[in-house]
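Chains as they are written, first to last, in the working numbering: chain A, 1 to 120; chain B, 1 to 120.
Incorrect hints may have been included.
Note: identical chains are not told apart, hence a pair may lie in one copy or across any two.
[To be verified] Simulated pairs of lysine to aspartate or glutamate, EDC-like, Cα-Cα distance not exceeding 16 Å:
{"#": "1", "residue 1": "K66", "residue 2": "E118"}
{"#": "2", "residue 1": "K66", "residue 2": "D45"}
{"#": "3", "residue 1": "K55", "residue 2": "D45"}
{"#": "4", "residue 1": "K55", "residue 2": "E74"}
{"#": "5", "residue 1": "K3", "residue 2": "E72"}
{"#": "6", "residue 1": "K66", "residue 2": "E15"}
{"#": "7", "residue 1": "K3", "residue 2": "D59"}
{"#": "8", "residue 1": "K63", "residue 2": "E15"}
{"#": "9", "residue 1": "K3", "residue 2": "E74"}
{"#": "10", "residue 1": "K3", "residue 2": "E61"}
To be clear, the hints were calculated from the coordinates, so they are not data collected in a lab.
Bear in mind that the values here come from a model prediction, so they are computed numbers and not experimental data.
Number of protein chains: 2
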Amino acid sequence: MHKVNLTEKFAMFSEQWKPKIVGELNGQHVKLAKLKDDFVWHHHDEEDELFLVVKGALDIEMKGAKTVSLAEGEFFIVPRGIEHRPVAHAEAHVLMLEPAGTLNTGNITGDMTVDAPEWI
Amino acid sequence: MHKVNLTEKFAMFSEQWKPKIVGELNGQHVKLAKLKDDFVWHHHDEEDELFLVVKGALDIEMKGAKTVSLAEGEFFIVPRGIEHRPVAHAEAHVLMLEPAGTLNTGNITGDMTVDAPEWI
């Protein structure tokens with residue numbers, strides 16, 4: 001029962017590619033992440049994933065579809081099953097929405113995998 | 001598979017208290033609305049509802065809890081079952097997230113009820 005100020009929350013961490021949970025509703029998590037450079041290619045079998053750019057710019061590269069370039073105030077929903085990777089040429093601040101329990105690296109695990117995202 | 005630019009979408013309508021759907025993921029709808037003055041008191045039996053202020057300011061009044069005052073870049077999740085009403089002293093542009101099919105007036109119907117929100 002607390003409001004969330006996005007600027008304040010982004011100021012609480014500096015690690016890149018480590019999503020933080022800032023809200024939960026209807027089985028979904030609202031997450032914040034700082035992204036820079038290329039992420040790993042992956043997909044989510046059962047989860048659609050929303051990326052809203054709060055600061056900076058973000059490309060969503062997808063196999064079989066044209067890259068979607070997002071500026072501040074733009075969002076894109078990656079449908080389940082679509083192989084994708086986010087790419088940020090400079091650090092981007094991004095709000096994500098996806099089902100609770102969604103693994104950031106989807107169908108693969110590796111150095112970039114965050115098993116249990118932290119609540120902030 | 002299209003990105004959504006919030007500023008462009010808000011420019012597409014002027015009616016207040018008539019949420020428009022701009023995205024769907026995991027059974028949830030992303031909606032945009034322009035809000036001004038008082039809404040009706042209501043609750044949602046089964047749905048949590050997120051309000052993110054994109055422009056302006058918004059109060060969420062609740063029965064049994066202190067009013068939450070949101071500025072730009074702040075969000076609040078009204079848990080299911082909580083009697084509430086949004087109040088905007090000047091027009092606010094708000095992004096909402098809630099399960100598809102959620103009625104804007106929750107447990108009541110009246111002049112403010114939007115039965116089938118429009119996709120824009």
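Margin query: Please sort K55 with E74 into within, between, both or neither, judging by C-alpha distance up to 16 Å.
Written below: both (10 Å within a copy, 14 Å between copies)
Notebook entry, point to check: Which holds for K3 with E72 at a C-alpha limit of 16 Å: within a copy, between copies, both or neither?
Noted result: This pair counts as between: shortest inter-copy Cα distance 12 Å, intra-copy 22 Å.
Item checked: Intra- versus inter-copy proximity for E15 and K63 (alpha-carbon distance at most 16 Å) -> neither (27 Å within a copy, 39 Å between copies)
Checklist line | Copy assignment of K3 with E61, given that the CA separation must stay at most 16 Å | finding: Answer is between; shortest inter-copy Cα gap is 13 Å, intra-copy 33 Å.
Check: Should K3 paired with D59 be assigned to within, between, both, or neither, using CA atoms and 16 Å as the limit?
Finding: between (29 Å within a copy, 11 Å between copies)
Margin query: I want to check one pair: K66 and D45. Are their C-alpha atoms no more than 16 Å apart within a copy, between two copies, both, or neither?
Written below: Neither, since 20 Å and 41 Å both go past 16 Å.
Check: At most 16 Å between C-alpha atoms: does K66 with E15 qualify within a copy, between copies, both, or neither?
Finding: For K66 and E15, neither the intra-copy (29 Å) nor the inter-copy (34 Å) Cα distance is at most 16 Å.
Notebook entry, point to check: At most 16 Å between C-alpha atoms: does K55 with D45 qualify within a copy, between copies, both, or neither?
Noted result: So K55 and D45 fail the 16 Å test inside a copy (28 Å) and across (35 Å) alike.
Next item on the list: Could you figure out if K66 and E118 sit no more than 16 Å apart (CA to CA) within one copy, between two copies, both or neither?
Entry: neither (32 Å within a copy, 27 Å between copies)
Check: Given a CA cutoff of 16 Å, do K3 and E74 count as a within-copy pair, a between-copy pair, both, or neither?
Finding: between (22 Å within a copy, 7 Å between copies)
Hint check: violations occur at hints 1, 2, 3, 6, 8; the rest are consistent with the structure.
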